[in-house]
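Student: Residue-level listing of the chains:
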Amino acid sequence: MNIGGRIKTIFSLIGHFLSPSKWVLIPMLIILLFAGILLWLTNGLSYIAPFVYSLF
Amino acid sequence: MAIVLGISAYYHDSAAALVIDGNIIAAISQERISRIKNDSTIPIEAAKSVLSFARIKPEDVDLVVFYENPFNKLERVLVNLLRTFPRSYRQFPRAISSQIGSKIWVKDTLSERLKIKREKVSFTTHHKSHAASAFFCSPFRESAVLVVDGVGEEDTTSIWYGNGQNLKFIQSIPFPHSIGLLYAGLTAYLGFEVNNGEYKVMGLSAYGSAKYLDEFSKIINIENDESFTLNLKYFSYFTDTETGFGPALEKLLGPKRNKNKPWNLNSEEDKRYADIAATLQQVTEDILKRLANRALKITGSENLCMAGGVALNVVANGKIAMQIGKNHLFIQPAAGDAGGALGSAIIGSIELGDKRPTPLKNCALGLPIETDKVKKMATDLGLSTKLLSDPAQTISEKIEANEIVCFLHGRFEWGPRSLGQRSILANPKLEETKDELNLNIKKRENFRPFAPVILGDHMDKHFEGQPDLMTPFMSTVHHVKKNKVEQLKAVTHIDRTSRVQSVDENNSKLLNNILHCVNKKTGLPIVLNTSLNGPNEPIVASAQDALLFFMRHPVETMIVEDQMISKKGL
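Protein sequences, first through last, are from chains A and B. Count along the first sequence from 1, then add 1; that gives the number in this note's numbering. Just so you know, this note's numbering puts 384 at position 387 of the second sequence, and the rest follows in order with no gaps.
You can trust all of the hints, since none of them are fake.
Cβ-to-Cβ under 8 Å is the rule here; a few derived chain B residues that face chain A:
| no. | residue |
| --- | --- |
| 1 | 68 |
| 2 | 102 |
| 3 | 104 |
| 4 | 108 |
| 5 | 109 |
To list a few chain B residues with every Cβ distance to chain A over 12 Å, as calculated:
| no. | residue |
| --- | --- |
| 6 | 254 |
| 7 | 257 |
| 8 | 269 |
| 9 | 279 |
| 10 | 297 |
| 11 | 364 |
| 12 | 372 |
| 13 | 374 |
| 14 | 397 |
| 15 | 399 |
| 16 | 432 |
| 17 | 437 |
| 18 | 463 |
| 19 | 533 |
Simulated DEER-style distance windows between Cβ atoms:
| no. | chain 1 | residue 1 | chain 2 | residue 2 | range |
| --- | --- | --- | --- | --- | --- |
| 20 | B | 110 | A | 12 | 17 to 27 Å |
| 21 | B | 215 | A | 8 | 42 to 52 Å |
| 22 | B | 114 | A | 16 | 13 to 23 Å |
| 23 | A | 19 | B | 114 | 24 to 34 Å |
| 24 | A | 3 | B | 268 | 50 to 60 Å |
| 25 | A | 8 | B | 559 | 52 to 62 Å |
| 26 | A | 4 | B | 545 | 35 to 45 Å |
| 27 | B | 214 | A | 21 | 34 to 44 Å |
| 28 | B | 454 | A | 22 | 57 to 67 Å |
| 29 | A | 21 | B | 215 | 32 to 42 Å |
| 30 | B | 261 | A | 4 | 56 to 66 Å |
| 31 | A | 16 | B | 82 | 24 to 34 Å |
| 32 | A | 3 | B | 57 | 13 to 23 Å |
The set of hints was computed from the structure by calculation and includes no laboratory data. As the structure is a prediction and not an experimental result, all values here were calculated from the model. Don't be surprised by glycine CBs; every beta carbon is placed ideally from N, CA and C.
One chain only, chain A, in its complex shape:
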């Protein structure tokens, strides 16, 4: 895994949400990132449901 590349992705993601109109989403994004890291470390959920694309 290219750690440098992954860090660039995190910075790009933060950059995407830094626009003032998107600040309201930042707390949720932080929770999402934190939970995501936990899920990644614990091998998380893998079930894919039929309407998964409409929601996320």
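With chain A held as given, fit chain B onto it using these hints.
Tutor: Here is chain B on its own, set in the frame of chain A:
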């Protein structure tokens, strides 16, 4: 002069496409390689296959374009989770897992697994990929472009204007108002699998009447500007990933259909579901015709290109073509998400200064069949093999004798249709052939129709229409002439429509020869052509897939290029 790889992935039908110096070199859906129907995983194998076909090393690729922007998508997901909280709280962990687990890292994943520098990987947007795949593959110099699907990053419907090398965004309808998701929700209600059963609903609709228009007027509102909104109380796809529709829909239309129950269209219960399917189809067609009109009016063009999963609705395509003129409508054959890979590759290629591709003439963009490998494997399995001096002649003899023949030729198809590269061919005259195929080979619902392939210059003698821009790709339907229905029972649907494929020497030489031979023998330049796959399987791609299919199904003859394989002696 650039080598560009386009990738679509993570939702359904992932794919890879390769464009070199503005020419479409190869395009492959991941499902054909992985053998997992509608495979949505990142298409590394498909990407490696297109590169290896073109003998391109990963380090020689100038640009990889992913077909959508995962950050924009994440933003829509977050906004939607907030908007629908607390109903969405149960989906929160899954959303986290899905987004953070894979989707936002797509640039890194592609770079690491394909061994291509991260700086060479970029994003475009979902609907732009679709629009590009339609317009830049079309024969039009300028055209309106209509994209209709479930949802991209945030748009569900968008209108574009293409002119030469340029594609300009005009306007869109955002999530959650979506024709694709309306159709998908009703597909689930009718007991079919979402993302794989929508075409079954379309086939079923011909058996019903649009008796539920009043009920549907509560579900969907047509606005004065020809756009639409859904009444969201009937749907749940923005809070629930399982069903797509809510309890209110069952209160309005009655209980959902049990998906495990076999279909009996003579029963009152299933007639009701057919009527609901017919109403859904009519409403969908009505909205698409309005959107098509709107796209033409806004752009001032007389041409229209369409893409997005909803553009796979061939019945609706036929109605739109009737409205705007058959040679003014082009549908990119892989109109669903797989097509986004092709669109994104073309976008990247044009951005790097290459010309747009020449118009798409046929769909043989996959890997070639390895005839020697098939022959060796067949011999190892104890099957008999024979070198044919004239495969077209042999196939026509078998068709005349009402045999069902598996036929493999050249590179496999791009998109969901078998167009003569990986096909099952049969005599179109007998209804029994349709039943045999539905029950014993394809093992699918008995109401499902089969499609014919015909010599283009004979088309108007048997169908109400001439070859057009969609018939080479089976992207539309035509009515069978009334006096020909008796001769074409196996390929005529209950409403007398047929998803006809037209062939000429330019788009498929061997299939063209086969049809000429069949015409001499039977007086009909037509053959039933259905996909070479079993139930819930992707269409056959390789030699191994072909043999596996052949051994597992009651078909006696398989012709691979000039090799005939039969089960004699087994």
